[in-house]
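Peer 1: Make the full structure from the sequences, and use the hints.
So for the sequence shown, the numbering used here puts the first residue at 16; every next one is plus one.
Treat the hints as calculated values from the structure; they're not laboratory data. Fair warning: there could be bad hints in the mix.
[Stated by the list, open to error] Listed next, with one range per pair, are the computed distances between beta-carbon atoms:
hint, residue 1, residue 2, range
1, Thr63, Gln43, 16 to 22 angstroms
2, Arg32, His57, 21 to 27 angstroms
3, Thr17, His57, 28 to 34 angstroms
Glycine included, each C-beta is placed from N, C-alpha and C at the ideal position.
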Amino acid sequence: MTDLDRRTHQTIERFRRDLGHYTPLTQQGVMLHVLEEVAQHHGQLEITRDVLLAG
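Peer 2: Spelled out as C-alpha coordinates, the structure:
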(Lines of atoms letter the chains of each structure in order from A and count residues from 1; the text may use other names and numbers.)
(Lines give C-alpha, C1' and ligand atoms only; values in the text may rest on other atoms or scores of the structure.)
Protein backbone atom coordinates (compact mmCIF):
# COMPACT_ATOMS: atom_id res chain seq x y z
CA MET A 1 0.00 0.00 0.00
CA THR A 2 1.45 3.33 -1.00
CA ASP A 3 1.53 6.35 1.28
CA LEU A 4 -1.19 7.99 -0.80
CA ASP A 5 -3.41 4.90 -0.51
CA ARG A 6 -2.90 4.79 3.25
CA ARG A 7 -3.63 8.49 3.70
CA THR A 8 -6.70 8.25 1.45
CA HIS A 9 -8.04 5.31 3.46
CA GLN A 10 -7.43 7.17 6.74
CA THR A 11 -9.20 10.27 5.43
CA ILE A 12 -12.23 8.29 4.28
CA GLU A 13 -12.46 6.51 7.64
CA ARG A 14 -12.18 9.81 9.53
CA PHE A 15 -14.89 11.29 7.29
CA ARG A 16 -17.20 8.34 8.03
CA ARG A 17 -16.60 8.66 11.79
CA ASP A 18 -17.19 12.41 11.72
CA LEU A 19 -20.45 12.13 9.77
CA GLY A 20 -21.64 8.75 11.02
CA HIS A 21 -24.22 10.24 13.37
CA TYR A 22 -26.09 11.96 10.54
CA THR A 23 -28.99 9.91 9.27
CA PRO A 24 -30.92 10.69 6.10
CA LEU A 25 -34.25 10.95 7.95
CA THR A 26 -33.29 13.92 10.10
CA GLN A 27 -33.04 17.62 9.30
CA GLN A 28 -29.27 17.34 9.69
CA GLY A 29 -29.18 14.43 7.26
CA VAL A 30 -31.22 16.33 4.70
CA MET A 31 -29.02 19.42 5.03
CA LEU A 32 -25.90 17.28 4.66
CA HIS A 33 -27.34 15.76 1.48
CA VAL A 34 -28.17 19.22 0.09
CA LEU A 35 -24.65 20.43 0.90
CA GLU A 36 -23.15 17.38 -0.85
CA GLU A 37 -25.24 18.04 -3.95
CA VAL A 38 -24.38 21.75 -4.03
CA ALA A 39 -20.66 20.97 -3.66
CA GLN A 40 -20.80 18.38 -6.44
CA HIS A 41 -22.63 20.69 -8.84
CA HIS A 42 -20.30 23.56 -7.98
CA GLY A 43 -17.34 21.38 -8.93
CA GLN A 44 -19.01 20.37 -12.18
CA LEU A 45 -19.67 24.02 -13.03
CA GLU A 46 -16.05 24.93 -12.31
CA ILE A 47 -14.86 22.20 -14.69
CA THR A 48 -17.32 23.35 -17.36
CA ARG A 49 -16.14 26.96 -16.96
CA ASP A 50 -12.50 25.91 -17.27
CA VAL A 51 -13.23 23.88 -20.43
CA LEU A 52 -15.16 26.74 -22.03
CA LEU A 53 -12.48 29.30 -21.18
CA ALA A 54 -9.71 27.03 -22.49
CA GLY A 55 -11.52 26.42 -25.79
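Peer 1: Out of the numbered hints, which ones does the structure contradict?
Peer 2: 1
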